[in-house]
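Novice: Given next are the chains, with one letter for each unit.
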Amino acid sequence: DAKTTQPNSMESNEEEPVHLPCNHSTISGTDYIHWYRQLPSQGPEYVIHGLTSNVNNRMASLAIAEDRKSSTLILHRATLRDAAVYYCVVGDSNYQLIWGAGTKLIIKP
Amino acid sequence: SAVISQKPSRDICQRGTSLTIQCQVDSQVTMMFWYRQQPGQSLTLIATANQGSEATYESGFVIDKFPISRPNLTFSTLTVSNMSPEDSSIYLCSVLGGPGTDTQYFGPGTRLTVL
Numbered sequence: 001d002a003k004t005t006q007p008n009s010m011e012s013n014e015e016e017p018v019h020l021p022c023n024h025s026t027i028s029g030t031d032y033i034h035w036y037r038q039l040p041s042q043g044p045e046y047v048i049h050g051l052t053s054n055v056n057n058r059m060a061s062l063a064i065a066e067d068r069k070s071s072t073l074i075l076h077r078a079t080l081r082d083a084a085v086y087y088c089v090v091g092d093s094n095y096q097l098i099w100g101a102g103t104k105l106i107i108k109p
Numbered sequence: 110s111a112v113i114s115q116k117p118s119r120d121i122c123q124r125g126t127s128l129t130i131q132c133q134v135d136s137q138v139t140m141m142f143w144y145r146q147q148p149g150q151s152l153t154l155i156a157t158a159n160q161g162s163e164a165t166y167e168s169g170f171v172i173d174k175f176p177i178s179r180p181n182l183t184f185s186t187l188t189v190s191n192m193s194p195e196d197s198s199i200y201l202c203s204v205l206g207g208p209g210t211d212t213q214y215f216g217p218g219t220r221l222t223v224l
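Sequence order for the protein chains is A and B.
Position 56 of the first sequence, counting from 1, maps to 56 under my numbering, and the rest follow consecutively.
Position 46 of the second sequence, counting from 1, maps to 155 under my numbering, and the rest follow consecutively.
It should be emphasised that the hints constitute simulated quantities derived from the structure, not laboratory data.
Just to be clear, a hint being listed does not mean it is correct.
Unchecked claim - Chain B is faced by these chain A residues, among others (derived, beta-carbon under 8 angstroms): (1) A63; (2) Y95; (3) W99; (4) G102.
Said to hold, decoys possible - Quick list of in silico lysine to any residue cross-link-like pairs, SDA-like style, CA-CA up to 25 angstroms: (5) B:K174 to B:G149; (6) A:K3 to B:F170; (7) A:K104 to B:L154; (8) B:K116 to A:L39; (9) B:K174 to B:Q146; (10) A:K69 to B:G209; (11) B:K116 to A:S41; (12) A:K104 to B:N191; (13) A:K3 to B:G169; (14) B:K116 to B:N191; (15) A:K3 to B:S168; (16) B:K116 to A:K69; (17) B:K174 to B:Q123; (18) A:K108 to A:L80; (19) A:K3 to B:T153; (20) A:K104 to B:T153; (21) A:K3 to B:G206; (22) A:K3 to B:L205.
Claimed, not checked - Here are the simulated distance ranges between beta carbons: (23) A:K69 to B:S162: 29 to 37 angstroms; (24) B:S127 to A:K108: 31 to 39 angstroms; (25) A:I74 to B:S136: 16 to 24 angstroms; (26) A:N8 to B:D120: 24 to 32 angstroms; (27) B:S193 to A:Q42: 25 to 33 angstroms.
Since the model is a prediction, treat every value here as computed from it, not as a measurement.
Quick reminder that beta carbons are idealized off the backbone N, C-alpha and C, glycines included.
Next up, chain A with everything else stripped away, as it sits in the complex (with noise of 0.2 angstroms):
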C-alpha cells in the first residue's frame, strides 16, 4: 500500500497563502491523491483530489508533481478558521483510504 508522508507541523500568517506538502513516493498509477481536513472533534472534511493534473476548487488548489511521487496542497489566504489537522491520504483501487499522519496547521492572526 502507498505510505503518505508530512510535516508534523506548519505555522502561516492570517491572509497568506500556506503550501502544504505531502510525500507519495510509493504511489501506484491508479490511485487518487486526496487531501482532507479536520477540525477539533469533528470528522474529516473532504478537501480537494487528484490523479495526475493540478486541480482548483473553492476551498483550495492541488499541485500535482509530474512523477507524481508528491502534492501539495495550497490554502491561497489563509483564515483563522482554516487551523486544522490537513491529512493526505492515497485511495487505493478498492475504494480504501490509506491515511498518513497529517500536518497540524497552525495560523497566527
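Given the coordinates of chain A, work out where chain B should sit on it, guided by the hints.
Specialist: Positioned in the frame of chain A, the structure of chain B alone reads:
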C-alpha cells in the same frame, strides 16, 4: 455530498461492557466504512460494510470484537464489545461519495472513553 449523523456523539463506559454506535446517512450508499482514531493519531480503517454481505475487516480487527450490521443502504451499526481502556478512541463512519469515486464523506464521530 452525503449528510451523515452518528449516535451517540460521546459516551463513557465501564470496562467489560459493550457499546453500539449508529451511523445514519441521508441518501442510499453502497459502501460504508468504520474507522478508529486513537487520541492524537490518524485514522485506522476497522472494516468496510456493504449492504447484504458480511463486513470485511482489516488486519488487527475481528468480528467478535467489532460486530457490524448493515441492514439497509442508509444505516449501519458498529458494536465495540467487552471494552477495555485501550478501546478509548473516536469512532467514525464514512460513506463513498458516489460511483466512480473513492472520495469519502465522514460523520462527526463518536468519542468513547472506557474506564
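Novice: Hint by hint, note whether the structure agrees.
Specialist: The hints, checked one at a time:
1. A63: violated (19 angstroms)
2. Y95: holds (5 angstroms)
3. W99: holds (5 angstroms)
4. G102: This interface hint holds because 6 angstroms falls under the 8 angstroms limit.
5. B:K174 to B:G149: holds (23 angstroms)
6. A:K3 to B:F170: The hint holds at about 20 angstroms.
7. A:K104 to B:L154: Measuring from Cα to Cα gives roughly 21 angstroms; hence the hint holds.
8. B:K116 to A:L39: holds (19 angstroms)
9. B:K174 to B:Q146: Holds. K174 (chain B) to Q146 (chain B) sits at ~16 angstroms (cutoff 25 angstroms).
10. A:K69 to B:G209: holds (23 angstroms)
11. B:K116 to A:S41: Measuring from Cα to Cα gives roughly 15 angstroms; hence the hint holds.
12. A:K104 to B:N191: violated (34 angstroms)
13. A:K3 to B:G169: Holds, at roughly 18 angstroms.
14. B:K116 to B:N191: Holds, at roughly 19 angstroms.
15. A:K3 to B:S168: holds (17 angstroms)
16. B:K116 to A:K69: This hinted pair is violated, its Cα atoms lying about 39 angstroms apart.
17. B:K174 to B:Q123: holds (16 angstroms)
18. A:K108 to A:L80: holds (7 angstroms)
19. A:K3 to B:T153: holds (13 angstroms)
20. A:K104 to B:T153: Since the Cα atoms of K104 (chain A) and T153 (chain B) sit roughly 18 angstroms apart, the hinted pair holds (cutoff 25 angstroms).
21. A:K3 to B:G206: Distance ~22 angstroms between K3 (chain A) and G206 (chain B) Cα, so the pair holds.
22. A:K3 to B:L205: holds (21 angstroms)
23. A:K69 to B:S162: 29 to 37 angstroms: Roughly 36 angstroms apart at Cβ, these two residues keep to the hinted range, so it holds.
24. B:S127 to A:K108: 31 to 39 angstroms: violated (45 angstroms)
25. A:I74 to B:S136: 16 to 24 angstroms: Since the Cβ atoms of I74 (chain A) and S136 (chain B) sit about 31 angstroms apart, the hinted range of 16 to 24 angstroms is violated.
26. A:N8 to B:D120: 24 to 32 angstroms: holds (30 angstroms)
27. B:S193 to A:Q42: 25 to 33 angstroms: Because 26 angstroms falls inside the window, the suggested range holds.
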